[in-house]
Amino acid sequence: MSSNYRNFRNNVPWLILFLEAVFIVLFLFSKDYSSRTSISYPAFQDVNHMVIFGFGFFLTFLKRYGFSSTGFNLLIVVLGVQCSMLVENLLDFLLQRYMDCGLKRITKATVSTTAVVISTGAVLGKANPVQLILMTVVEIIFFHISRWINHTFLQIPDSIGMMHVHMFGAYFGLAVSSRFSEPSPRSEKNASTSKSDLLSVLGILFLWVFWPSFNSVLATDKHKAIYNTYFALAVSAVTACILSVLTTKDGKFRMSDIRSAVLAGGVTVGYASHSIKYPWIAMILGLLASAITILGSYCSQRCLNPALKIHDTSGVHYTFGLPGVLGALAHVVLLVIENWTNLPRLGSLALIYVGAFCLTISVALLTGLITGLILNLKLFKTTTVSKYFDDQFYWEFPHLAVGF
Amino acid sequence: MSSNYRNFRNNVPWLILFLEAVFIVLFLFSKDYSSRTSISYPAFQDVNHMVIFGFGFFLTFLKRYGFSSTGFNLLIVVLGVQCSMLVENLLDFLLQRYMDCGLKRITKATVSTTAVVISTGAVLGKANPVQLILMTVVEIIFFHISRWINHTFLQIPDSIGMMHVHMFGAYFGLAVSSRFSEPSPRSEKNASTSKSDLLSVLGILFLWVFWPSFNSVLATDKHKAIYNTYFALAVSAVTACILSVLTTKDGKFRMSDIRSAVLAGGVTVGYASHSIKYPWIAMILGLLASAITILGSYCSQRCLNPALKIHDTSGVHYTFGLPGVLGALAHVVLLVIENWTNLPRLGSLALIYVGAFCLTISVALLTGLITGLILNLKLFKTTTVSKYFDDQFYWEFPHLAVGF
Amino acid sequence: MSSNYRNFRNNVPWLILFLEAVFIVLFLFSKDYSSRTSISYPAFQDVNHMVIFGFGFFLTFLKRYGFSSTGFNLLIVVLGVQCSMLVENLLDFLLQRYMDCGLKRITKATVSTTAVVISTGAVLGKANPVQLILMTVVEIIFFHISRWINHTFLQIPDSIGMMHVHMFGAYFGLAVSSRFSEPSPRSEKNASTSKSDLLSVLGILFLWVFWPSFNSVLATDKHKAIYNTYFALAVSAVTACILSVLTTKDGKFRMSDIRSAVLAGGVTVGYASHSIKYPWIAMILGLLASAITILGSYCSQRCLNPALKIHDTSGVHYTFGLPGVLGALAHVVLLVIENWTNLPRLGSLALIYVGAFCLTISVALLTGLITGLILNLKLFKTTTVSKYFDDQFYWEFPHLAVGF
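Chains as they are written, first to last, in UniProt numbering: chain A, 1 to 404; chain B, 1 to 404; chain C, 1 to 404.
It is possible that some hints are incorrect.
For chains that are exact copies, the list does not tell them apart, and a pair is met inside one copy or across any two.
[To be verified] Calculated lysine-lysine pairs in the DSBU-like style (CA-CA distance at most 35 Å, straight line):
1. K381 - K309
2. K195 - K252
3. K309 - K195
4. K189 - K309
5. K378 - K252
6. K189 - K277
7. K104 - K309
8. K195 - K381
9. K381 - K249
10. K195 - K387
11. K378 - K189
12. K249 - K378
13. K378 - K309
14. K104 - K277
In short, the hints are calculated from the structure, not lab data.
One chain only, chain A, in its complex shape (with noise of 0.2 Å):
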C-alpha cells in the first residue's frame, strides 16, 4: 500500500501544478482589479495572519503532525483563496453583480477559505495531500453556492451569510472525516506532547487575540462587532478553564478543553457582533458558547463519534460546529426580541434565517458526504491507517536519527 502511493506521488505534482496553471489562466481572463479600496490593508492583514499562521499552528497539536499541520495549512489556504476568488468572479460574471475591488476580493475569499480549514481539522492526520487539495476546490465551490443562495432566495446579507463558515466547515468535515476508516484507537501517534501542545497553544492565543478583526472585516459598524466579540471572547475563555476543572476527575485543567472552547465566544457572537447593544449580552453568548463546546465535547467522545463511527481529530465538531448552531440561533432569537413589537417583520425574519441556517446545514453535510465518497474511491485513498498522523509518510527527515 506504501508503494501505492509512492507511483501515485509521481503524479502528484503535476496534479497540483495543473491545477495552478489552470488558476492562472483563469486570472488572465478575469477583469482589471480597481485601486481604490473599502477595506484597510490592516483588516485584510490581520484575517491573513489569522489563517496562515494561527490556524497553522492551531494545528500542531499532534506530536508527529507539525510540519504537515503548517505546511498544508499553507498549501491550502494559497490554493483555496485564488479558487475562491475564481468562483467569486465567475459569479459577479453571471450575475453582472458589482464586483468588489482587489483587496476587499482577497479579504473575502481568505474568510471563505477558513471553511476549508476548520473541515481540515476534522480529517487532520487522516487525509493525504491530494485528497486535501480536491477537497479544497470541492468545498470552496459549494461554500460559494450556498452563500449565493443564501444571498439570492433568503436576502441574507453577506455578512451574515459569511458567518455561515465556521458551521459550514465544520459540518463538511465531519461528513468528508465519516467516510474516512477510523484510526486505531491504541494508536500512539493520535496524540500530543507538551511540547506540540505548547507550540499549539501559540496558535490558539494568536487565534484568540485576532478574532475580533475576523468577525469585524466585513461588519458595517466595525466598532460595536470588535467590542462584543472581545466580551465575548473574555468570557468563554474565563468559562472554559471553569468547565474543564469540573469535567476533570481530579479537578485539573486540560489543555484540549480549552483549545475548543477559548474561542467558542469569538465563533457563537459572530452572526450578530455589530448589533449586540449592551456588553453582558455578548457576554453571556460567550459563556453559553464555552459551555456547549465542553458539553458538546463530552457527549461527541463519549456517544456521538462512536456511535455514527465519525473520527474527528481536532474535535472540529464542538470547536466550531456546535458554537456555529448556537450562534445562528440567538442570532434569530436576538432578531426577535429587538422586532417582538412588529409581528408580520419578525415572522419572516425568524423564516428566513432559520431557513438559510437549515440549507447551509443541509448542503455542508450533502456535498461533504459525497466528496468522503469521492476522496475514498481507491484512486485517491492512499494513506494506510497505519500511517495516519506521521509527518515521516509525506516528509523527507534528513535529520532523522537525531533528535526527533
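With chain A held as given, fit chains B and C onto it using these hints.
Using the frame of chain A, we list chains B and C on its own:
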C-alpha cells in the same frame, strides 16, 4: 497537603464562576458605550497582543511551567480587564466624570492589567490559580485607587499616571512574594532548558517589537513617543548584550540577563517618551536603564533577596521595577531642565511628580504586603513547596509517559 | 584557539560599547526630526516585526544555534538601523538633500538592514559576534553608497533602488562567506531537527504573511503592490510544494526547499509590484521565482558551491540572490514591453536599469570579498571550525546537563 488542594479544587471553579457572574451582572448596570472611538483598532490590538501573547510567552522560561505560564496569564488578563473596566465605570459614576468610549476603555483596562501580569512574574510557579485571581482583583482595585489619588490630588495627567503600571506591578508583586515560602534552592524545576528559553525569546522579541505601541497608545504626541521608544529599546538591546558579556565569568552571553535588560529602555522612557526632544536623550536613558537592570539583577540575586527573604521568580524587580523608578526620576530631571528658568513652577512640578512616585511605591508595597498575608491564610495556601513550578499539579497530562 | 577567543572576548563588549557611544555622539549632531510623518505606524511596525521576529526565527533551523540566531539577529538589526540612519543623515547633510521625517527614516533604515540580515544567513554559525558587527557596519555603508550611485548617476527612483537589498545582501554575504573556512562536511551540528525546523516554519510563515508590507512600505501605489505581492507569494508557495516533491527521491516534501522557495515570489515581484497591471503577471513571476530557487538550490549545493568553495549556511544565494536577479531582469522586461512604442526612451530605460543591476552586484561582490578578507585577519578569526554552529561557544548554559 496535596489532598488539601484536591478538596479545595472542587470549590475553585465555583469561585471563578461566581466572580464572572458578578462581573456580568455589574456590566448590566454600566452605561451604553458610544461607537465613536478616539483610539484606533490597530493600537488596541497591539496592546492586547502584547499582554496576551507577548507576556504569555515571556513567562514560559521555566521548563515545566509552560502551560500554566500561558494559560493562567490568559485567565488573569481577561478577568483583570473586566474588573478594571468595572472599577473605572464605578469611579466615573461616583465622580460624575466624562466617560471614555468603548475601545479606549478596553485599551486603558488592558494597560492597567499589565500591572497584574508583572506581579504574576514575581510569584510565578508559587501561587495557585485562586491566589492569582484574588491577587488580580485586589491589585486592579488598588492600582485604580492609586491612579485616582495621583490624578485628583496631584494633578498628574492620566497618560503619565498610567506609566506607573510597571513600577506598581513590580513592587506589589515583590511584596506579595515576600509572604510566600521560598522554594528549595536545589529545586531542579525552578530552571530553564534551552527549549523553554527559546520559547521565552519568542515572547521577548514580541514585546520588544510592540513596546513602542505600548508607550504611544495613550500618549498625546504618538509619533514622538514611538520614535523615542524605538531608540531607547535599540540602545537597551545593545547594552544588554555588552553587560551580559561583561558580568559572566568567561565572557559569554547569558539569556536571562538579556531577557531582563532588553526591554528596560522601553519601560524607562515610558514616562517621558512623548516629550523628549532629541533621540540621543532617549538613547542615553536606554543605556542607563539596561545598566541599572543588569546591576540590579546582580545585587538582587546576591544580596538583597537573600537578606529580605524574597524570591522573585522572573526577576520583576530589576526587569520592571528599577527601570520604572529610573524612568520616573529621569522624567523629573527632564522637567527640571526644561523649566529651570521658571523657578516657582519648577518647584511645584518636581514636588508633585516625586510625590506621585513615592505614593505609588508606598501603596504598591503596603497593599502588596497585605494581599500577600491574606493569600497565605491557611484557606488559600495549598501549594506545597515541593509542588512549585510544576504544570502537573494543575494540568492533566494524558500523554505523561511520552516525551515529556 | 578557544583560549584565544577567551582573551579576545574581554575586548568584545568594549568594542560594542565604543560603537554605541560613537552612535550616540553622532546622533547629537543630527538635525531635529519633524513629528509629521508620511508613513503610517502600522506599516513601519510590520517591517520592524519582520526583521526582528520573522528573520530571527527564520534562521533558527540549526539545531544548536537558536539562541545565537535570534539573539545576534536582534543585536545586528538594532546596530544596523542606527548606523543606517547616521549614514543617511550624513548623505543628506553632504548633499544638502531634503530630509525624510522620523518614522520614514527608521523604516528606510530597517529595510536597508535587511541586507545585513540576509548576509548573516550565509555566514550563520561561522562568524562570531564581532565579525558580524563589523560586517554590519561595513555592509550598511557600502549599501548606502551603492544606492546613492544608483540614485545620483542612474536616476533610479529610491523605491526601486531599495529593492536591490535582497540581491546586495545575498551576494555580499556569499563573498564574505567564501573567505571563511568551510565546516567539516560530516559536522553533525550543521543540521536541523524537526523541532528546530518547526520553529523555523514559524519564522517563514511570519515572513510570508508580512511580505506584502515589505514590498508596499516604500511603494507609490501601495494597494497594487500589496495585491501583486500576495499573488506572487501564493503561486510561489504552491510551486515550492510541487517542485519539492518532484526533486526528492521518493516524492516527499522537503522543508528546506519550502523554506527557500516559499518567499521567492515576494522577492522577485518587489521591483515591479507597484506597476504590474494584472495579477496573472505577478503569478507567473511567482512561479518562475520559485522554480529558479529550487533549481538554483539543486545546482548550488551540487556544483557551484563545491567548485567555488563557498559554504552558504542558509542558502541565501538561491533564497534571496537568484529571485532578486530574476526580479531585476523581469522589471526590465516589463518596462521594455510597456514602452516598446517609444524606442529612444526604451533604450535608455533598459540601459540604466541593467546598469544599476550590474553595478549593485559588482559592488556587493567586491566589497563583500574585501570585508571577508578583513574579517579573517588573525585578529578577528577566533572561531575554530569545530566550534561552528554551536550556541555553547557564545552562550552560558546553567542548565547544560538538563534536557539540552
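Verification of the supplied hints:
1. For the homomeric pair K381 and K309, the shortest alpha-carbon distance inside one copy (18 Å) is at most 35 Å, but the shortest distance between copies (46 Å) is not.
2. Both within a single protomer and between protomers do K195 and K252 lie at most 35 Å apart by alpha-carbon distance, with minima of 19 Å and 25 Å respectively.
3. In this assembly of identical chains, the alpha carbons of K309 and K195 lie at most 35 Å apart whether taken from the same copy (30 Å) or from different copies (34 Å).
4. With identical chains, the CA atoms of K189 and K309 are at most 35 Å apart within one copy only, with a shortest distance of 20 Å there and 43 Å across copies.
5. For a Cα distance limit of 35 Å, the shortest separation of K378 from K252 across copies, 21 Å, qualifies, whereas the shortest one inside one copy, 45 Å, does not.
6. With identical chains, the CA atoms of K189 and K277 are never at most 35 Å apart, being 47 Å at best within one copy and 48 Å at best between copies.
7. Proximity of K104 and K309 under a CA criterion of 35 Å is satisfied in neither setting, with 40 Å inside one chain copy and 49 Å between copies.
8. Proximity of K195 and K381 under a CA criterion of 35 Å is satisfied in both settings, with 31 Å inside one chain copy and 29 Å between copies.
9. When the C-alpha separation of K381 and K249 is checked against a cutoff of 35 Å, the pair qualifies only between copies, where the shortest distance is 22 Å, while the shortest distance within a copy is 39 Å.
10. For the homomeric pair K195 and K387, the shortest alpha-carbon distances inside one copy (22 Å) and between copies (21 Å) are both at most 35 Å.
11. Taking CA atoms no more than 35 Å apart as the test, K378 paired with K189 passes inside one copy only; the shortest distance there is 25 Å, against 43 Å between copies.
12. Taking CA atoms no more than 35 Å apart as the test, K249 paired with K378 passes between copies only; the shortest distance there is 24 Å, against 43 Å inside one copy.
13. Within a single copy, K378 and K309 get their C-alpha atoms as close as 20 Å, which meets the 35 Å cut-off; across copies the closest is 50 Å, which misses it.
14. With identical chains, the CA atoms of K104 and K277 are at most 35 Å apart both within one copy (27 Å) and between copies (17 Å).
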